[in-house]
Every structure is written in C-alpha cells, then in structure tokens.
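Chains B and V, in that order, give the protein sequences.
Adding 3 to a residue's 1-based position in the first sequence gives its number in this note's numbering.
Adding 1159 to a residue's 1-based position in the second sequence gives its number in this note's numbering.
One or more hints might be untrue.
What the hints assert, rightly or not - Reference listing, derived: stretches of chain V covered by chain B, where coverage requires no fewer than 3 residues with Cβ under 8 angstroms from a Cβ of chain B:
{"hint": "1", "stretch": "1184–1192"}
{"hint": "2", "stretch": "1249–1262"}
{"hint": "3", "stretch": "1271–1278"}
{"hint": "4", "stretch": "1285–1295"}
{"hint": "5", "stretch": "1313–1327"}
{"hint": "6", "stretch": "1335–1345"}
{"hint": "7", "stretch": "1400–1414"}
Since the hints were made in silico from the structure, they are not lab data.
Every residue gets a Cβ at the ideal spot worked out from N, C-alpha and C, and that includes glycine.
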Amino acid sequence: MSAPDARASAGRRLTVFLLARKSTLAGLALFAVVTLAAAFAPVLSPYDPLEQDLNRVLLPPAWADGGSAAHPLGTDPLGRDLASRMLWGARLSLLISVASVLLGGGLGFIVGIVTGYFGGWLDAVLMRIGDVQLAFPFVLLAIAVLGVSPERTPAQLIGVLGLTTWIVYARVVRSRVLSEREKDYVRAARALGASSARVLLRYVLPNVWQVAPVIGMLYLGFFVIVESLLSFLALGLTPPTPSWGSILADGRQFMMVTPWMPIFPGLAILLTVLSINLVADGMADYFDPKLMKGYAPRHPLPPRMAIASDKVLAVRDLTTVFRLGAGVLTAVNRVSFELGSGQVLGIVGESGSGKSVLALSIIQLLDAPGAVTEGEIVFLGKDLARVSNAEMTGLRGRRIGMIFQNAGSSLNPVLTVGYQLVETLRQHLRLNSEAARTKAREALEMVGIGDPDRVLRAYPFQLSGGMQQRVMIALAMSVQPALLIADEPTTALDVTTQAQLLERLDELRRELGTSVIFITHDIALLADFADVVMVMYAGQVCEIGPRGRVIREPRHPYTQGLLNSVSRVRAPGTNRLSAIPGDPPDPMHPSTGCPFAPRCAYAMAVCREVNPARTGVGPGHEAACHLLTSTPEAVAGGGTS
Amino acid sequence: MAFLEVRDLRKYFPVRRGLLGRTVGWIRAVDGVSLTLDEGETLGLVGESGCGKSTLVQTILFLERPTSGEIRFLDRRVTERDVRELRRRIQVVFQDPYTSLPPRMRVADIVADPLRIHGHADEATITAKVRALLQEVGLPWDRRHQYPFQFSGGQRQRIGIARALAIDPSLVLADEAVSALDVSVQAQILNLFRDLQERHHLTYIFVSHDLGVVRYMSRRIAVMYVGKIVELAPSEDLSARPLHPYTRALLSAVPSLERRRERIRLRGEPPKPTDPPSGCAFHPRCPIAQAICARDVPELREWLPGRYAACHFALAEGPGADAAAPRTAQGGAP
C-alpha cells in the first residue's frame, strides 16, 4: 500500500463511518445549513437588520393573517425585519462561539501539553489557578466584566467565554499527555536522543490532540446558548446589534401580542445546538472507536434434539462468527471435541487462533458482535447453545466455572475478597452467612493460601497477581463445578509462581473430580497436566489426541513447528532455532485451502485449494493435513517445494 | 579494556505518602549492581517481574537518573552531559511491540527519525538507509507508508529493531524483546537478533524473564532478585550447575516438554521492594536458608573461576542442585 492509498483509506473510513451513523450525518447537514446562513447573512438578508420602520411594527409572519411576503418572518417592535435579524443573529452567535472556542481551546491545549509534559512548579501553579477559576461562579464574572461596560463588543464576549473555559481543555489534555508520556514509544524516542521539543511535537502531540476538537464542539453548542442567554439578560452585545437572545427578550415583552416571535430564536438555538451536539457525539466515536463497542444480548439457537453423550462436555461443529462492518469473521470454525469426567483438555494456539473465543462460546459470554451460528455444546445433556438465558445464568459460575488471564480485572475492585467469596457461596450453595464464611476460609486454604483471614479482609488491589489468581481459583472451585475453563490463567505470572499455582490447581481438580479445559499459548505447560491436547490454528482444530502422542508423535506440520520452537529454545546449547516462517494468519483475510499452507514447508498444490478434514492417525488421535491422506509420491513432490 | 562497565549502580525511587508528598521510604529498584561487558558478547539478564532488570536497562541509558554509582563506556565515565552521545552508541528494543511504536507515524518515518535526530539531513541518504534497514530486518519496502497497527506483532518488533539499528549503535539493550510474541514468531526474532549481531558486530544485553530465551541468546547470564545480581556465570555452567538456590528454583520452574522433574517449590512470593527482608533477600523463600542468611547480606563472590554467586552456601549441595539436567528437543519433522 502506498501513501495515497493510505490517505484514500482514511477517507474511506470516514465515508463508511458517516454512512453508518445517520445521526452524525444529519447533524453535519444541519450545521452546514446554519453555517452557510451565517456566512451569507449580508447577501441573504432582505433588509438591513438595523433599519427601523415604525409604520410596520410587529407584523406577523408571511403565512399568518395580515402577513406579507416582504417580511417573511414579520417585524419586531421597532419595525425591523425579523428574518434579517435572525440571519445576522446567527452570524454573530456563531462568530462569537467559534472565536471563544478557539481562544479557550488554544490556550487550554497549550497549557495542557506543557504542564503535562514538563510538570514541576509551572504545572502546580497553573492547575491551582484553574481550580480557583472552576470554583468561581461564571455569571458573577460575566456581570463583573460585561455589566460595567456601556458598549459591549464581540471581542469582550469572546474574552469572557474563552478565558473562562481553558482549564477544561488543559485538564483533559494534560491527563492524556501524562499517560502517553509513560508509554514505551515516548521512552524509545528519548532513548534515540530526541530533544524535548521533538518528542512533544512529533511523538506526543499526534496522539493527544483528538480530545480537543471534541471538547471544543461541545463548548460550541454551549456558547450558542450562553451568548443568547447573556443577550437575554441584557449582558450580551449592546443593542441594537442583532442577536437571537435579544429577539427572544423582545418576544417575551410582547408575548401576548406576538406569540410567534420567541419561537424563531428558540427554534434556531435548539436546532443549532442539536446539530453541534450530534456532530460532537460522532466525533468522539470516530476518534475513539472503542466507545462504540456495543452489547448484544445472547440469542439461543433454535432448539433441536441433542445427540446423547456420556461425556461431561461434547462439542460438535461449533462455529462462532463476528459480524463486523467490513465482513464476517469466522473465529471458531467447526470445532468438535469431547471431554470425559475428571479429564483435562489442553487447548494450545497462538494469538488469533480462536482458543479464547471458543472458551467464551462454551460458557456463552461472547461480546457483541460475536455469536454461535452452528453446532452443539452438550454439557451434561444440555445443549448450551440452545438453553434459555435463565438456565444459562444458573449454570454459569455454578456448574461451569471460568478463570481468566487477568485475575485483577476479574475481581470487583471495591469489594473485599471475603465479601465476594461469601456472596458467591451464599448464592450458589444457598448457605447462611456463617456457613458461607467458614466455607470461604476453607476455599482459600484449599488453593494454598496460608493466612486466609487476612486475604478475606483484603481488597483485590492489596494482593499480588499470583494471590489474586488463587482467589479466582478458590472462587470458581469452591462451588465444585463439573467443568472449569481456565483461559491462560498463569500467563501474567512469574514462572516460579506459575509453577506453584499449576501444581495446586492440578491437585485440586483431582480431589474434586472436576473436568478442566486449560487454554494456553505454551504447549510445554500441557506436558505435565493435560490428558488430551488440542492444537488450534486459525479457528480450526489442526490436531487433537492423547498428550503423549501429540507431544511425542505430532502429525501436523504446525504442531511439529510449535514443539520445535518451544523445546529448542529451552534446551541448553542450541545453535540455531528452527522457526516457523511468516506470520499467524489474518482472520479478516482467510485463505482458501488449509490455513497453515502459506507457512508450511510441506505444502502441496492441494493444500492451497482444499481445507483438509480431520483424519484418524492413531487411537483417539486425529489431525487435519493432506500429507496424512495423500499418496507418498504426492508428499515427496510437495515436500521439496 | 571493558566495553561497558557498571560499578555499584543504584536507583532508588522515593515512596511518597500524604498530602505533602512526604518521602516515607525507598524502593531499591537497583541496589548496587556491578557488571562488565566485553565488546561483541551477549550478556543475559534474567529475573522475575519487579526484580529491577528493566530499571537497570533504563538507568544505563540515563532514561532514569542513577541514584549513585558509575557507568563507564569504553573506559570513560558517562555523565548526564554525555547523554546524547551515549544514546547514539547504545540503543534499546522494548518489550511491547504494541506500545513501543508511535501509533500515528508511518513506518518509514519511525525508522528515519533517529537519523534525522542525529543530523543526517540529506533525505536521499536517509531513504536509502531506511530501505536497507527494512530489508535487513525482513520487512517489505512497499509497506513503508503503513502505520504500526497494520502489522503483526512480529513485524512490529522488526520495525522496532530497524529503528534501534538506524544510527549504527554498538550496544543494543533488548528489554523483554520477544516476551509479547507468539512462540512460533519468537524463534524468528531471536534468530534475527543473532544474525544482526554477527553482521554488525553488536554487543547485547538481553533482558528477559524467560530463562530459555536468555540461555539461547547469551554467553553469560546474570540472575537478578530484588534489585541485586545473585548469580553471574557462563550460560552452560549456570544451566548445568547453578550455584544460587534461586537460580535452581528458576530453572526447575521453566515449563518443559519432558516428564515431570522434581520441582523445587518455593515458599511464598517475591518480597515487596519497599520492604525487603533482612540479610539475604531470598532467605524467607530459600530451601537451604540458615540463621546467618537472615542476618548478613551475602556478597557477590567468585566461587569458581568465572562464576559468581551471592549466597552464603553457594557450594553446598542443596535440594535440586542437579535439577536442571540438559534436556533434548522433541518432535521431529515427518
């Protein structure tokens, strides 16, 4: 992709975004109308907005009784044309609001950048001034400045509005700079010897400026209201300068005679502010797409007769897709496996292999826009893809437990460990609080916590990562679930802690007879632990079989490559690692044929066209590879390429 | 002549409490580290999270100002004034390929910026150099106008390496440079580091929590625990017969495809750096600790030729002293 392409793709992104967000589009259109009206007010106005005609005061609008086409919106108490005054009012209102936003935003932005990056006494002083200003009542200030001057110009208004709002920009920008400053890319720039100015302008600035226009847009709408309000209170521009606020004030005075008059400025203010806010809303989402992530309720698949199974869990042809704006992403593709009572299934795969989505599909906790579209998940005779939401809620946490990589974010930060444990036990096991408390203490002892009483009283942040994960395991295992799903539970931990925790988890599941699905990117972790190993690649199962067979006699080239890279790096005295070439597949652009073919040293013509099916290669051992079904000649021919 | 020498380096961070930010204690992130590095060698630095290995790297580059101690580069003491020159000779590759690249800069600019910073003004020269660098780390030239998010983790780390090499440094500090990558990609990047070392005669400090990675890359390995180096030895010796009980525990905790070995189970967790234990910081978890360990801080001593350990009982046969017998590779090609 070349530079113009990158720019074109940015343009395309904006188009796609706007087409998907009708409200932003409507806001933009409306705002454009107001802006054009304001810009061309001198041309569009039929009259001079200040021109009085005392013979034609308080004329009604053209469509009402007694109105004339010469004054489409009628006239005001001094016989001035209302349409012209509305247009000029828009011009001044927008001019003052935009200029105030630029003044306040510009000042605040610079202050935020400087204080955030350099800190020190300047930061302390400026932020304290801002605090005082925020506490000071705005109206008082407006009266103090505007009320005393006999002739109020737009510049004075801009000054008051702009200078009182810089602190809001400054604070937000400052906090963004503070968080960016600590990131590795800024450190890297400093390590390269870049000057402070360069780090600030070239590295920090491009990643923080986006907040300013969003705040500016919100303030723009606010200023349109405030400007009218000040005019209404006779603190705005000096009469006879046209302003929506002064038209409103006139309208109030003659409300009994001309009830239509306040409606015009009222509507103008409403529509202008609405359009600005719609645009601001769209801008915020455009700059930070994470905010748009929605939540979609779970929809069970239509019921059908599940195939009976004596296993704890039988998954057949499970398929999970994510429907994204750019297309449909198949994260889990026809995955099948069975898990017996008390067995451990180890699932290994790299990032993007679909192993975590598989786990979330089983426990039915997929985030929007992901959904199970096909297959069965038969857990103790019930198909989890088809049970009702209420039934699923009853199973989750009770019969199926789950622990995640980041235990710290899985625990509620504002409740003590004891509270969370006791509540879980009371809810699931219907214990009274006394019994639940005793059981909670036992649960912590069970996962090897020596001083359970201290941990019960602690908040999650007071515990180390290893301790938090122990608490999570205690939480999940204390209700003796039939199935525990552990998704990379030790990846964030140090190796010595990992070793302790795995050993404990293994003892515990043996004691309680729990079946376990253990998900990891490190196949070596499964060597001690798993009964069955399942290797996933690009959402598919490429190999599954008893641990000993998969680890010692891997049949799929990807499994072989994975084992090679793991074992060699850990064996002392290795000369050179045999790496799998290339990168993991991009799930947005799946290839036809076998997904591993582009990286496979043995790929044949057929591999690029046909996705291989799973074939048996030994007792309970299956792999999906054309090498296993092809004739030896074809293999020999392909292996040399 | 030592290429890089670190003498009794310390970096303490104040712990502040209360409204006035009173200093109530110190985190001794790096607590008296001494190291010597020969030109062209790779020193591995291994330790668990919070042991101070990353702070040590940052302090060597003056990204953190040392509290005390001395850094000598080519036999000259480095001070704050030499920082710019130092950063031309020493470069870092960071851990996280997702946060270590400026997200809104194009690849060509990311790699070119170091050249511009150090005054290579001629754009034609810069373009030629960027082209050579991208080729060297295995990135296609026609993707130079893309942004970091358009690349995979492994490719991003290649960009980070190209950036570090742009100004021809002689020492590269790799701070957990492959930890965030998938295993199949890790091997590619480790091989790339080795190739580049050979081609450019680079010296490396290779920092990782993964003993396997460090062992593959390094001739000598230093093991850190709570701000101090507890063992320093040639790679093979460290693997075959570790002298410090912490090294033994670390070795036995590395996951392996082999059958279960006798694991050394450590008690408890690493101490808080604000409140390190008395004497030897490892003694509360150590399987062979004696009374003296809680009292006296052991010095890093040369117990056997070229082999240093900070343990009162370095030569004692502790449990699991032979836990790390060499293992062989698994899984052959079909």
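Verification of the hints:
1. 1184–1192: violated (count 0)
2. 1249–1262: holds (count 10)
3. 1271–1278: Per the Cβ count (4), the hint holds.
4. 1285–1295: violated (count 0)
5. 1313–1327: n = 5 at 8 angstroms, threshold three: holds.
6. 1335–1345: holds (count 5)
7. 1400–1414: Since three or more residues must qualify, the claim that chain B covers the stretch 1400–1414 of chain V holds, with 6 doing so at under 8 angstroms.
The structure shown violates the earlier hints numbered 1, 4.
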